[in-house]
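Chain by chain, the residues:
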Amino acid sequence: MAGDAALVTQVVEQFGRDRGRLMDIARALHAKLGCLTEDTIGDVADALGMRRVQVRDMVSFYAFFSRRPKGKTVIRLCDAVPERMKGAEEVARAFEEALGIKVGETTPDGAITIEHAPCIGLSDQAPGALIGATPVTNLTPADAPKIVQALQDGKDIATLPQAEVDLNLRKPGPVIFAPMERGTAIRAAVNRKPEEVIAEMNKSRLRGRGGAGFPTAMKWDFCRKAKGNARYLICNADEGEPGTFKDRVILTECPDLLFEGMTVAGYALGAKEGLLYLRGEYEYLLPHLDQVLAKRRHLGLLGKNIVGCEGFDFDIRIQLGAGAYICGEESALIESLEGKRGAPRDRPPFPVQKGYKNQPTSVNNVETLCCAARVLEMGGDWFAAMGTRDSTGTKLLSVSGDCKHPGVYELEYGITVEKLLEMVGAEDAQAVQVGGPSGQCVAPKDFGRSISFEDLPTGGSIIVFGPKRDLLECMRQFIEFFVEESCGWCVPCRVGTTILSKQLAKILDGRGTRADVQEMEKVANTVKTMSRCGLGQTAANPILSTLRSFPGLYEARLKKDDFVPPFDLKAALAEGCAITGKQPVLED
Amino acid sequence: MSQDTVNIIIDGVEIQATAGQTILEAADAAGMYIPRLCHHPDLPPGGHCRVCTVKVNGRPASSCTFPVSEGLVIENDTDEINAQRRRIIEMLFVEGNHYCPSCEAGGNCELQALGYRLGMLAPTLPYLRVKRELDATHKDVYIDRDRCVLCGRCVRASSVVDKKDAFGFENRGIKKRLSVDAVHGLGETAVSAADKAAQVCPTGCLTVKRVGYATPVGRRKYDKTPIGAEIEKKTAKV
Ligand SMILES: Cc1cc2nc3c(=O)[nH]c(=O)nc-3n(C[C@H](O)[C@H](O)[C@H](O)COP(=O)(O)O)c2cc1C
Ligand code: SF4
Ligand code: SF4
Ligand code: FES
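Those sequence lines, one after another, are chains G and Z.
Its first residue numbered 1, the first sequence is counted upward by one per residue in the numbering used here.
Its first residue numbered 1, the second sequence is counted upward by one per residue in the numbering used here.
A few of these clues could be false.
Derived contacts from chain G toward chain Z, CB cut-off under 7 Å, selection only [what the hints assert, rightly or not]:
#, residue
1, Gly34
2, Thr37
3, Glu38
4, Val53
5, Gln54
6, Arg56
7, Gly132
8, Asp313
9, Asp315
10, Lys419
11, Arg494
12, Ile499
13, Thr526
14, Leu547
15, Phe550
Hints are computed from structural coordinates only; laboratory data are not their basis.
Think of the CB as a built atom: it goes at the ideal place given N, C-alpha and C, for glycine as much as any other residue.
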């Protein structure tokens, strides 16, 4: 272990002995050692002058950090709902067979581990998986033995035919996917005062694309005016809501537009540093993004005196995450950026008052910042002319599930669900999940409603359920997602989500009564109203929205009895009966 | 009126608070009890339990973290909110394993006392039976994680008061656990029975050895008066 201690010292030095960089330190060591054992945790703590328990607290939080040795290659099979709809479970069985191990296990030679992962941002080409950091898509059971063989032959996974990521950009629009010359928006910005930039943003009436829909100009204004020694701009590229992959397409297709927007924001806020928090699942995008940043530095679009504007200094650092949906929540993201577990903070204070390093911070979604760049280029009025009164501009939708043309669509706000379904080839849909698991399950009677902040808001995820889907089973899988991803800080979400999954399972197993449904609804309401952050506050939505829109589906599964005990006595005794060869006397 | 005074309304009663106070502190000072579990007056707030949730201008918020400001209208003691609080307490009872009648914290336990105060009769929720470990490695202090409500009091006390950082958390979601600054157990840490951390546990999870059951039934903290009575007593209500 002495060798490892030397490595730990070296890595800790590389990051300037900065506790705030614990994420990077842990990532670097994990990449070299394959896991972070108690010994390594102790060494890191010593090197950083921290307590072992503090390092463990952080490391044990993230799905990508293992404290036990894993295989040299980890295969993460995405088991999100859209993936299961396209046969992810069969693919998982095929990998188990090809490797002779179960999901969650490692081959005896220590070469390969297979495990499940929540949405990895490839739902339009499902089922997908990450092999190490490399994505593979459109998998079939027949691919499993081929991929395993390639790994055993030591082939480079990136060269396999399955390692192809399609853009599936079905409908480019005028805001995000129109061409833009580098520097145009930045020059438009620096020709004005920062306050005037914010005023232009205000004209556009742009609202945040990450989910909450907060007016971007107002956020920037609050941040600019808040007291602090420094200001920070953070771009939220955690994109974890199952069924969302539009930020991936932006990061692949037009990262320059995003960096342009970040730089404009930096100017408006008076920030010197911008941070891009990139979800760990998108590590494969990093080399290209770094190249684009280097190019922009070379062109004088980042760094000192940007576009020759005296005193306008701004640069961007990319921080990789490590597998935690909650880190998309802005205050959890900030905690993670500071090298801690991704537990949200209580508000107030808001990030614009006290954010990263306790300084005023604006957290904005990838798409929002792209819109901002375009607003500076084309003007706020141009932008506000699109969409609806309360939802201006266009929205990127990531469409997956039972439809003919899954992929990314840039559409003006206000489009009805019906129109959208026509466009994506899903006229026969039984239901549509707007906004992912944390959003709403919309029934055909509501297909006339529109995608907009005032009606059906979405961060981008649209999952279509065809006529044959077991809708409630999909809802159960959504709840499981929240059980896995709850940060565990607060009781209603930590405990409540697990209780909901048990209650729903009882009903779906055909052992529920009307009283069970009522009881479940009460718990769902407690989780919704009492939870600390947006994750818990929306985690019961799959249940609450289907109870509202599809009560008949529950009704059909209920027993007529008044009461059925939470556990099945006969099933519990089955093993004992088999061993003893006796049957208990049960009142029935 | 001094600059630092702000007026807020709790359940229709106008009270004066001091800027910088949280809603919970302001209510305490005014003799109005807001149920709470993870909060401890000597420690910074943690925001874990959400039992102290009130409605602030109609929106739910944790009163132990929410700063007062002029004109806030707060709902606290309503049937609706108390029912939600009761359900949170129930959740903790089914998450852990709380054998109150034989627990040495019985009668002094804040979780149990909240169950009584909020009218919890029997848990209606399914038991979760999560697996959690005991730690008896320390000569004077004992951890029975089955009774841990993850309130974080010991974590904050060890950090802020004892300056030892001997406790922390581990894992996430329903697998979240109390963790100690050692490889094998509490016995290897710098914790002592005199530490603040060893004094603040609201339940029977983190307890000092050889002092249990010292107070006879009937004379324990919550045997005769409900939890919160000590706050309500401060000001006789009209
Ligand atoms: C559980 C949870 C996950 C979230 N995930 C994301 C995400 O992946 N990307 C994102 O931009 N916002 C996400 N948000 C919203 C952010 O908290 C925040 O509102 C947003 O980044 C602000 O940017 P905007 O104003 O540009 O929308 C999430 C919120 C919650 C509660
Ligand atoms: S609601 Fe869930 S994710 Fe948010 S703080 Fe509570 S436990 Fe964590
Ligand atoms: S041991 Fe006690 S004080 Fe510490 S987190 Fe658990 S319940 Fe709270
Ligand atoms: S007392 Fe406020 S959240 Fe626990």
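Hint check results:
For G:Gly34, the interface hint is violated, since its Cβ never comes within 7 Å of a Cβ in chain Z; the closest pair sits about 20 Å apart. Hint status for G:Thr37 relative to chain Z: violated, with the closest Cβ pair at about 10 Å, above 7 Å. For G:Glu38, the interface hint holds, the least distance from its beta-carbon to any beta-carbon of chain Z being 5 Å, beneath 7 Å. Residue-level restraint check for G:Val53 holds (minimum Cβ-Cβ distance to chain Z is 4 Å; threshold 7 Å).
Given hint, G:Gln54 at the interface with chain Z, holds; its Cβ is 6 Å from that chain's nearest Cβ, closer than 7 Å. Among the interface hints, the one on G:Arg56 holds; its C-beta lies about 6 Å from the nearest C-beta in chain Z, closer than the 7 Å criterion. For G:Gly132, the suggested interface contact is broken, since its CB lies about 23 Å from the closest CB of chain Z, more than 7 Å. A hinted interface residue such as G:Asp313 counts as satisfied when its beta carbon comes closer than 7 Å to some beta carbon of chain Z; here the least separation is about 35 Å, so the hint is violated.
Given hint, G:Asp315 at the interface with chain Z, is violated; its Cβ is 32 Å from that chain's nearest Cβ, farther than 7 Å. Annotation: interface hint on G:Lys419 violated; nearest CB of chain Z at approximately 34 Å, more than 7 Å. Proximity of G:Arg494 to chain Z holds as hinted, the smallest CB-CB distance being about 6 Å (cut-off 7 Å). Interface hint at G:Ile499: satisfied, since its Cβ lies 5 Å from the closest Cβ of chain Z, which is below the 7 Å cut-off.
Checking G:Thr526 against chain Z by beta carbon gives a least distance of about 4 Å; that is within 7 Å, so the hint holds. Interface restraint check for G:Leu547: the shortest CB-CB distance to chain Z comes to about 17 Å, outside 7 Å, so the restraint is violated. Because the smallest distance between the Cβ of G:Phe550 and any Cβ of chain Z comes to about 24 Å, over 7 Å, the interface hint for this residue is violated.
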